[in-house]
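Make a model of the complete structure from these sequences and hints.
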Amino acid sequence: MNKEKRLAEINKAKSFWLGPWIIWLNIQKHKFLISNFIQRDLRLKYRNSVLGYFWSLLEPLMLSGVYFILFVIIKGSPEPNYPLWVIIGVIIWGHFSQSLNGSIGSLTQNSGLIKQVYFPREIFAIAKVGSNLVIASLGLLVSIPLIYILDIQPNLNLLMVPVGLVMVSMLSLGVGLSLACLNTTNRDIEHFFRFVTRAGFFLSPVMWTIEMVPKSLEGYIMANPMVVPITMVRNGIDGRSLGIDSIFIAYSGIFCIISFLFGCMIFKHYEARAVKKL
Amino acid sequence: MSETVIEVDNVSIKFPKTRVTLGTVESSLMKLTRFGKTQEDFFVALNGINLEVNEGEILGIIGRNGSGKSTLLRTISGIYRPDKGSIKSKGQVTLMAGLGIGFNVNLSGRENVYLYGSILGNSNKIMNELMDSIIDFSELNGFIDQPLRTYSAGMRARLGFSIASAVNPDILLIDEVLSVGDQEFREKSMARILEIVKGSRTVIIVSHNFTTMEQMCTRLVMIEKGEIVANGNPAEVIAEYSKKVK
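Here the protein sequences line up with chains A and B, keeping their order. Numbers 1 to 278, taken from this note's numbering, label the letters of the first sequence in order. Numbers 1001 to 1246, taken from this note's numbering, label the letters of the second sequence in order.
Just so you know, the hints here were simulated from the structure itself, not pulled from any lab data. In this text, a Cβ means the ideal position worked out from N, Cα and C, and glycines have one as well.
With a straight-line cut-off of 25 Å between C-alpha atoms, the simulated DMTMM-like cross-links for lysine to aspartate or glutamate are:
1) A:31 / B:1111
2) B:1225 / B:1007
3) B:1088 / B:1052
4) A:277 / B:1176
5) B:1243 / B:1227
6) A:12 / B:1009
7) B:1244 / B:1176
8) B:1014 / A:9
9) A:277 / B:1083
10) B:1088 / B:1227
Now the in silico label distances, taken between C-beta atoms and shown as ranges:
11) B:1224 / A:277: 21 to 29 Å
12) B:1215 / A:52: 48 to 56 Å
13) B:1105 / A:188: 25 to 33 Å
14) A:24 / B:1229: 42 to 50 Å
15) A:112 / B:1132: 26 to 34 Å
16) B:1192 / A:254: 50 to 58 Å
17) A:163 / B:1168: 39 to 47 Å
18) B:1152 / A:52: 23 to 31 Å
19) A:13 / B:1187: 41 to 49 Å
20) A:35 / B:1044: 37 to 45 Å
21) A:18 / B:1043: 24 to 32 Å
22) A:254 / B:1044: 42 to 50 Å
Written as structure tokens, this is what we have:
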């Protein structure tokens, strides 16, 4: 810590705009803690189960099976690659909703620890998003056998996969951090966002793809910042290009970055006040 | 001449009073009608605290329940930000309070050592080096790889104290945890605290146990309603306390 041994003021309020920078420094300083928190999350999630980490593959697989049947009932026989598309959609949406709800509740759920020992509180949300990113990445391994079965030729489009994952992580962390402090006074936030992530499931290309959307609705659909990252991961694995206008890609990218930066600022600004209300 | 390691300068802190409403439909509706109109009440927990602590001191803080002792320790450790005033400190500050809270009951004792260690800012490598001495001091040899939910309350507290005191903080804040464990362990932890202080580090203790406080502390501070009302020789401050309470 403060090894040079000077009398230094602690816990000073810092400028609003410095939020992302402070969080960046804290990540550097507490990377052991973040990795231990992520390991704890993963260990606890699958503890006492025979299949262990296989559940992160099985869960989206089984869920996708159900959606596949649902799709066949409603729309008739889909395209051959449809099962792959749904699985990827389910995994990415799962990452988003778990990360978002987890980081919104990160202060309220850890109030016991927060009141007993000091360390930067954004660590909770960062570790939550981190562990969900690991689970999503493990889940995406399901697509490897499917790529063989469906005879897909992986190509450079695969590079879109990490980009999409990073966008989803930034968006969920940013929105989550900006609301975590408010959630300590108004729990309505977490109830509302549980609904948002459930409704968003249907309004995002999880069960459907952007190709199925009528041209007249495209503008509305693209307002959802999750459309681009989901399609990036999906088409990347499927070996296709993105097929979205660059204006929408830019919009989505900027949306993710700005919400991330603002989330950091808002969290750092209101953190001290929120901790008192725990 | 020993140097100042903690400087609490005119620190005030207040907490918003939250009304506890029962989760009935009626009270929810009441809340909704008042939405946005609630004027906030405040509870002043600390009111203009000035305190300097020197290197090598064992400072005891006494006071009645709810007088602000724990809030002061938490503010010094960085959990709460003062509304007014400032706190300066030198070196790493570690707070030991309600031992076992940072633990996860489904992880083993050993995993919790890593987890708690990293919460206190140490890498797994450092914790590996300290592991043997922690297990030794906590006397949990046979249990360290068992999940924590199988531990008794005393065992958890022992593990907590062993970790927090093993990581060698420059300034150790102890909140009501000296009474953990059995008589033997209490004596051992007191010896450990004296050892920490001997390494020219500093300890602040909050406790209701006046006998140990008088034995250990070099100075006592008495807090009442968020203000320091007495500061000095342990025996004198304790005498004053007994007078006040009567």
